[in-house]
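J.: Quick mapping for you: the protein sequence lines, in order, are chains A and B.
If you count by my numbering, then the first sequence holds residues 32 to 352, one letter each, in order.
If you count by my numbering, then the second sequence holds residues 1351 to 1559, one letter each, in order.
Hints listed in this document are in silico derivations from the structure and should not be mistaken for laboratory results.
Be aware that one or more of the hints could be misleading.
Rough simulated footprint, nothing fancy, chain B against chain A, three-plus residues with beta-carbon under 8 Å [claimed, not checked]:
# : stretch
1 : 101 to 110
2 : 114 to 122
3 : 164 to 171
4 : 334 to 342
Residues from chain B shown here face chain A by an in silico Cβ test under 8 Å; the list is partial [what the hints assert, rightly or not]:
#  : residue
5  : Pro1429
6  : Phe1432
7  : Gly1437
8  : Ala1447
9  : Asn1448
10 : Ala1452
11 : Ser1453
12 : Ala1454
13 : Val1455
14 : Thr1457
15 : Pro1459
16 : Phe1463
17 : Glu1465
Positions of the beta carbon are idealized from the N, C-alpha and C atoms, including for glycine.
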Amino acid sequence: MPAPTQMSRNNFPPLLAPGLRHIFWHATDLKMREAQYEQFMNMDNSEDAYEIDYELSGTGPMPEMPEGTRPAYDGIVQGGTKKYLHLQYGLASQVTRQLVSDDKYGIIKQIPKAHARGALYAREAVSASVLNLGGSLILTNDGVTLFNTAHPLLGGTQATATAPGVTNIINSAGTYPNRPNPDVDLSFTSIQQRMNYFRRMPDGRGIPVRVKPGHLVHPPELVYVVREILGSPGKPYTMDNELNAIQGDNLQGLELEYLTSASGWGLLAPKEGHQLKFYEREPIEAQTDDDFITQVLIFLSTQRFSAGATSWYGTAWSYGP
Amino acid sequence: MAAFSTDIEPVQNLGGAVSFPVLQIIEEASQTFVAGTPVQINSSDGGVQAWDGTTTTAGIAGIAQVNANNLSTTGAGAPQGFTPVLGPGSYIGSYAANAAQASAVITPPMVPFSEGLMAFFAASPGTVFAAVIGSSSGTPAAVATAATQVGAAYGLTKDPVNAYWYVDTNKTGGSAVVRITQIDPRQAVGTVGGLVWFVFLNSAAQIFA
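With the hints as extra help, turn the sequences into a complete structure.
T.: Given below as structure tokens:
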């Protein structure tokens, strides 16, 4: 049923008289999960209406300069920008003055606590949407989706011509993938294939970069699979006595309850190695006011922030089969 | 012929609130109208577009609060439930960044930014708007305000020169969409091209009636 948007005494008769031993109030008795978005988003503050990120390549490889000849000239290449618009979030509750006064248990006065849970949910859900929708709606500064089979490189085909060993990874010249085609389930083999994305990852001019994944991000449904793959001393799911080679990569499982796909999973570099961002513009703020005529109290909680991905570097994702 | 119209703006709320009901709905593709334009909701895809000027029954959703963004697709970039803005953020002023990245754009600072939504003052019964009064009879021109205009129902017509809309005394009866509530008290009655205050007819309002 819809919640009453203006709460009055008739909505909560038990609060008006003593005698209740305990009130099981979800806002305080059901503990909320610890913040997860801070574990994978680069957190930053903003004092502006928006933030704009910009990308530039380095120069290309240095060619031989034969004796007595002039050097080759090269410059840097610009990429697109990513604009982070801070969106306002808000939630209000109306309560009659009589309900506040007659509430024997002090529940109604604590409504801002319930708002805080709703505010945190918004942060988690928006941040997780960067991963959940990274294959469809979330765009990075290169103009394609965050998780894509063909991210155009700043240097174009010259970049993949320069980058060593990418022939078997890329799907088309001048691009680099961070998503398999087709999507694949989490497995020992699929992790290795995604690790190859990182090991062969070039910069915009084709020079290999050192970006090492730190987290194997997964939904709750895959937690046991992740433990088996990462925790097994031997190669999992075989009777051979091989080492579990993935352990050498020191991946840490990161379970995110706000992922919507039960089969989606991915690899993320440590924060400094990727460009997933959360800009805090205005923190969660609770305010109270009342209407002079009706004496209705209004609890209002607001916050303003933005989340998104500037670039795909340091990420790889698969949405399952 | 010189332009004589200005943007339509809300001036009074009969309910006594300090603000006017504002709605934000996805913007229809390729819209270039200016703030103060009557808008309607496209029945096929739900996008907000400039009023067609002829649909007088449930045809006007409100008055645009800001200029249209000339979006490439309807609602481009508009956040969905618990998502960030789903696009580069601006469609006006962005330019190509790199030949190797066909979809990448540079969005300079200070250009208008778009969330893919169009904000408009809802044509609600309690919101009073103000507009210049004129006539489309013959060569469109401003007309003088008159006390007898209060209570009359007129239509709205787009100024052919500057793209703003005016209350058109030449449109009455089935072409009417607004009713005059008073002559702007800041101007003398009889001012040619003066402002009149009006509400939208219930029959013309697309959302509230």
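J.: Confirm or reject each hint.
T.: Status of each hint after checking the structure:
1. With a cut-off of 8 Å between beta carbons, the stretch 101 to 110 of chain A has 3 residues touching chain B; three or more are needed, and the interface restraint holds.
2. Here's how the stretch 114 to 122 of chain A fares: 4 of its residues keep a CB closer than 8 Å to some CB of chain B, so the rule of at least three is met and the hint holds.
3. Figure legend: the stretch 164 to 171 of chain A, annotated as covered by chain B; annotation consistent (4 residues with Cβ-Cβ distances under 8 Å, at least 3 required).
4. Here the stretch 334 to 342 of chain A counts 3 residues with a CB under 8 Å from a CB of chain B, which clears the bar of 3, and the coverage holds.
5. Using the Cβ-Cβ criterion of 8 Å, the hint placing Pro1429(B) at the interface with chain A is satisfied: the shortest such distance is roughly 6 Å.
6. Annotation: Phe1432(B) was flagged as interfacial toward chain A, and the flag holds, the nearest CB pair being 4 Å apart, inside 8 Å.
7. Because the smallest distance between the Cβ of Gly1437(B) and any Cβ of chain A comes to about 6 Å, under 8 Å, the interface hint for this residue holds.
8. Contact between Ala1447(B) and chain A, as hinted, is supported at the beta carbon level, the nearest pair being about 4 Å apart and thus within 8 Å.
9. The beta carbon of Asn1448(B) comes within 6 Å of a beta carbon in chain A, closer than 8 Å, and the hint placing it at the interface holds.
10. Taken as an interface hint, Ala1452(B) checks out: its beta carbon lies about 7 Å from the nearest beta carbon of chain A, inside 8 Å.
11. Given hint, Ser1453(B) at the interface with chain A, holds; its Cβ is 2 Å from that chain's nearest Cβ, closer than 8 Å.
12. Proximity of Ala1454(B) to chain A holds as hinted, the smallest CB-CB distance being about 3 Å (cut-off 8 Å).
13. With its C-beta approaching chain A no nearer than about 5 Å, Val1455(B) sits inside the 8 Å limit, and its interface hint holds.
14. A least Cβ separation of about 5 Å between Thr1457(B) and chain A falls short of the 8 Å threshold, and the interface hint therefore holds.
15. A hinted interface residue such as Pro1459(B) counts as satisfied when its beta carbon comes closer than 8 Å to some beta carbon of chain A; here the least separation is about 6 Å, so the hint holds.
16. With 8 Å as the threshold, the beta carbon of Phe1463(B) comes within range of chain A, its nearest partner Cβ sitting at about 6 Å, so the hint holds.
17. Against a cut-off of 8 Å between C-beta atoms, the interface hint on Glu1465(B) holds, since the closest Cβ of chain A lies about 6 Å away.
This entry satisfies every hint, going by the numbered hints stated previously.
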